[in-house]
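Quick note, the sequences are listed as chains R and E, same order. Residues in the first sequence are numbered from 280 upward in steps of one, following the working numbering. Residues in the second sequence are numbered from 7 upward in steps of one, following the working numbering.
Please keep in mind that the hints were generated in silico from the structure rather than gathered at the bench. All clues given are correct.
As a list, the in silico BS3-like pairs of lysine-lysine whose alpha-carbon atoms are at most 30 Å apart: (1) R:K497 x E:K241; (2) R:K592 x E:K25; (3) E:K25 x R:K423; (4) E:K223 x E:K241.
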Amino acid sequence: MSYLEYQIKHVPVGFRKLLYVNWPVVFLVTAVSGFGFLMLYSVAGGSMDPWVNPQIQRFGLGVGVMLGMAMVPIWFWRNMAVVGYSLALALLVLVEFIGVERNGSQRWLDLGPMDLQPSELMKITLIMLLAAYYDWLPLNKVSKPQWIIVPLLFIAAPAYLVLGQPDLGTTILLVSGGGAIMFLAGVHWAYFATVIAGAVGLVTAVLQSRGTGWQMLKDYQYRRIDTFIDPTQDPLGAGYHITQAKIALGSGGWTGRGFMQGTQSRLNFLPEKHTDFIFTTLAEEFGFIGAFGLLILYTLIIIFCVQSAVTNKDRFASLVTMGVAVTFFLFFAVNMAMVMGLAPVVGVPLPLVSYGGSAMLVLMVAFGLVQSAHVHKPR
Amino acid sequence: MPLGIEYESAAPTMKRGPKETEDGARRLSRRALLLGTAQLGIIAALGARMASLQVDQADEFRMLAEENRINMGLIPPARGLIYDINGVVLADNAQHYTITMTREGAGDVDEILARLNRLVALDPERLEKAREELGARSPFVPVTVAERVSWQDVARVNVNAPALPGVVAELGRSRIYPQGLDMAHVVGYVGPVSDFDLSRIDDRDPLLQIPRFQIGKTMVENRLERDLRGSAGTKRVEVNAAGRVMRELDRVEGTPGADVQLTVDARLQNYIQARLSGESAAAIVIDVTNGDIKGIGSAPSFDPNVFVQGISVALWDELNERGVDASLHRRPLAAKTVQGTYPPGSTFKMVTALAALEDGAIGPDETVRCVGHLDVSDVRFHCWKRSGHGNMNLNESLKQSCDVYYYEVSQRVGIDKIAAMGRKLGLGERHDLPMSAIRTGIMPDKAWKREARGEDWRIGDTVNASIGQGYVLTSPLQLAVMTARIATGRAVKPRLVRSIDGVDEPSGAGESLGLNENNLRRVRGAMYDVSNHPRGTGYRTRIATEEFRIAGKTGTSQVRRITQAERDAGVTRNEDLPWNRRDHALFVAFAPADNPKYAIAVVVEHGGGGSTAAAPIARDVMLQALYEGTPPLSAYPSAARGQIADQQRRLNDLIRDIQPGRTTDEA
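Could you build the full structure based on these sequences and the hints that come with them?
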């Protein structure tokens, strides 16, 4: 689909573009964020400070960014892919040297008024680069080994840097998101089968390497794995979070204890209750109805994105939309699985709900791409 | 690659035919739907898990959360004990019962407190504090309502438990100091950790978050806090809806704090405090062979036990002498041995003498004529003996404490060499004992005055310093170290801690100071004559026992010059002055003179003459140390025996029978 074709095929121009924005996604994103504001208000003990106010400001800024990006033609973003990726990669390298360390991991760049987490930026730019790559690559070459190596390197470079920070959660998101785009682009089944077999082998190797000279993960990561397998073996330390999270969730019941009535979260049984573990507060206070409601909202966002992607004939737009959808899915699925005791505690926030500036803005930028793709869909 | 591709010129899809585009789009859609379906599958799994936790197992979890909430608590470790050199316990842990209460458990706080008050007599002040704390802290934090509760009261609370939700009687440990005021200035005391403590110390130990956790506030308790505290254990308990502990699930014991053994001898310390009682004074005994501090007393003292649970305002004011005229302050809270600094007076003369001898500025037999005063650049400096001493050599000048000899000699040596000798002997140095607020004192020289005062050194300053007046300030500890160093010729280093957790601390015997042994012998000989020659200033306070002869030096340091006006008004004697302006009395000594074992320094604030106020105390304490108990009367010169017998009888009431071992037991 060329630029000329876009013109021919009545791509909306000017303020008419607003009519073509994927409004259901905007409303869903707002609804989920609204859930987030409520929960942050609750965990702060019924106060707008310290979390709700900044979160609302960032959300407002995010909506502006999303709609602004929607107005820009999708081919512009395609041409920005390499620049964006290179910048994000450069920042990741920079973090290695001058990053700010917090809680034992070095992920942030100090930009004065706010901190930037380049790994968040990388989540988007990697999707953009891979989408642009497969848009450019002729279809008959997609499954050729030499054309497989290139995207693998695109994924491996940031994944390696982020893993070293160390940030296991983001690494998993990068690798899975990247893999999803390769899958969507039509890479042959056999490769994925091989990778999955290899991953199983690697996990075995990682577990076997424990305690030897070539131990592959940090001790705390091994402890998290142990805890995941058997949370009761360390009830005071690592397993404590999961046990308490499950108690919070379970005690919510059908309808929950009511807004601001959750005792588990209130009594500080839960750590990081405003970030990674915020879902437990929601589930405790709003019960199964609230938690399942949030899951439905997330699912609807995914469905609208997939719908937009499959009806879009522009390959880049389609791939980016799916890439964002998959990453977004991974975000909430990993977080929910984590707090419900189905996955190890890896430190992934609940998208749009957890407190955090970088994550919120990056998600809104991602949805900006989705919107741009939707608005400039060849019709 | 997309970089540099201009969409007008080389849109990538232009290379593809319509068929390929169609193919790609179809495959993408197929796989997108596939992936979407997989996602829906996972979402369904998440939803199922949610339903299982929140609907199926809801009752179970709600019970865990509510009826049987699991609480995690810290177990405070037993604080390390502090022993004296013979194993006498100086700081012990006593068990006692505490009644605590949580707001959450109680519900109606006032009603429950009223019920509790009917069962157990509660201290109204404490109760008010507890009520305040209950309002301020989180609802589940236990707040102490009553401390040191008797067993009967505990039983009464337990029997009435159903009527007292949220109220728990807990077994706790608390510090006690069996030696009372004897060790207040050495061991110090612990107290409940305060917000001020938390802001001041960089310590992330979770134990400090326990309300009213006891930490060392002063002296050894404070300085060796890390060793004494130990590390926390943890326990998991099930509590019911009322917050009552139902059962303990498991516990990980912490590590108890390390025991500390001091070099101090509790019995000697007891004698020192008894002997000093009534005075505002300090006395310190050092074992010259290894630097061990055998006794380090300061009077008046206080009972450290009153601080452990938090001191009352009235008592605090009393100890700080609020409402007492400032001129009469005796500072019971100050450890004068290390925190008080005094002009050393004539006890400094050994420093000037050694500096002059080492420098060769004067020979040992060279004489200086004392006519009762010496004029130095238009200022007349008086000797204490107005009529003059006549011709003085080194030995005579020390023995009779002639001032003019030192005025003269000091000008020949110069202040910098005197100061260097003083520092060599430990003056002006902050000896780092595990005690609080140790003072450095001042060993002045030219550079010091320029820096501290912004003025040039004047010759009169040297003359003043030569007899330990002027800018010179020393603590009793420094004077004792100085005496120990003169007695041994080695850089004796004071040591207060014998061992921590069974590991011995390094000895303080020290290396040789590199002084000429002949010069040292002459100074020691002169000190021997001070105490044993009939003309010596300390002759009346000699020791009669042949093998325990004492060698000392008296000192009387002016607090303030007597003005001409006062002199004209007839004030010439100390007794005529108000207490706070009388001279400080000092005495330093070592014994046995021929084979030194102990060095001692005594300072009696505003006590008058060193020979009359300080020397008798030093002699008595020294004998007590040498005999390891009450000395026989034969150790005293015959003239003094009657008076000493009276004194021993009087002090007997203050001396306690101290035996090694613990006085309290952990039940």
